[in-house]
Amino acid sequence: MALAERKVQDSRAQVARDEDRLDDSRARLDQENQNLNRTQRDTVKAEAAATPLPTAPRLDRAIDIQVPSTLQPKPPTVNALGQTIGQLINEVA
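All residue numbers for the sequence shown refer to this note's numbering, where the first residue is 1 and numbers rise by one.
Source of the hints: derived by calculation from the structure; they are not laboratory data. Glycine included, each C-beta is placed from N, C-alpha and C at the ideal position. Fair warning: there could be bad hints in the mix.
[As the list claims (entries may be wrong)] Quick list of in silico lysine to aspartate or glutamate cross-link-like pairs, DMTMM-like style, CA-CA up to 25 Å:
1. K45 / E32
2. K45 / D23
3. K7 / D18
4. K7 / E19
5. K45 / D24
[As the list claims (entries may be wrong)] If you anchor each label on the Cβ, the simulated ranges turn out as follows:
6. Q72 / E47: 54 to 60 Å
7. V8 / A46: 52 to 58 Å
8. D30 / A4: 36 to 42 Å
9. R12 / D42: 42 to 48 Å
10. V15 / N35: 28 to 34 Å
11. R17 / N37: 48 to 54 Å
12. R26 / A46: 53 to 59 Å
13. L36 / V67: 36 to 42 Å
14. E47 / K74: 53 to 59 Å
15. Q9 / Q31: 49 to 55 Å
16. L53 / D18: 35 to 41 Å
17. T55 / D18: 56 to 62 Å
18. G82 / R58: 28 to 34 Å
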């Protein structure tokens with residue numbers, strides 16, 4: 001009977017030690033998860049800071065160079081416009 005009680009006491013002591021070790025392991029796991037999350041956030045922030053965001057093109061500033069007047073088409077003269085209209089009428093008719 002004394003041997004059985006001793007085994008029960010030893011088993012209870014072993015269970016208590018195992019519970020303590022389990023609590024310690026859980027605490028370390030929580031701490032390591034927090035460290036991992038912090039490291040991942042820091043990595044994302046560092047990568048975002050290192051990579052410049054592409055800027056959208058501004059269409060109002062797309063063409064900054066003025067075309068020289070020598071290269072711009074000249075407005076049609078009345079005679080040239082009349083000839084163009086006349087050719088169009090001849091082709092349609």
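List, from low to high, the hint numbers that the structure doesn't satisfy. Violated hints (numbers, rising): 2, 5, 6, 11, 12, 13, 15, 16 and 18; every other hint is consistent with the structure.
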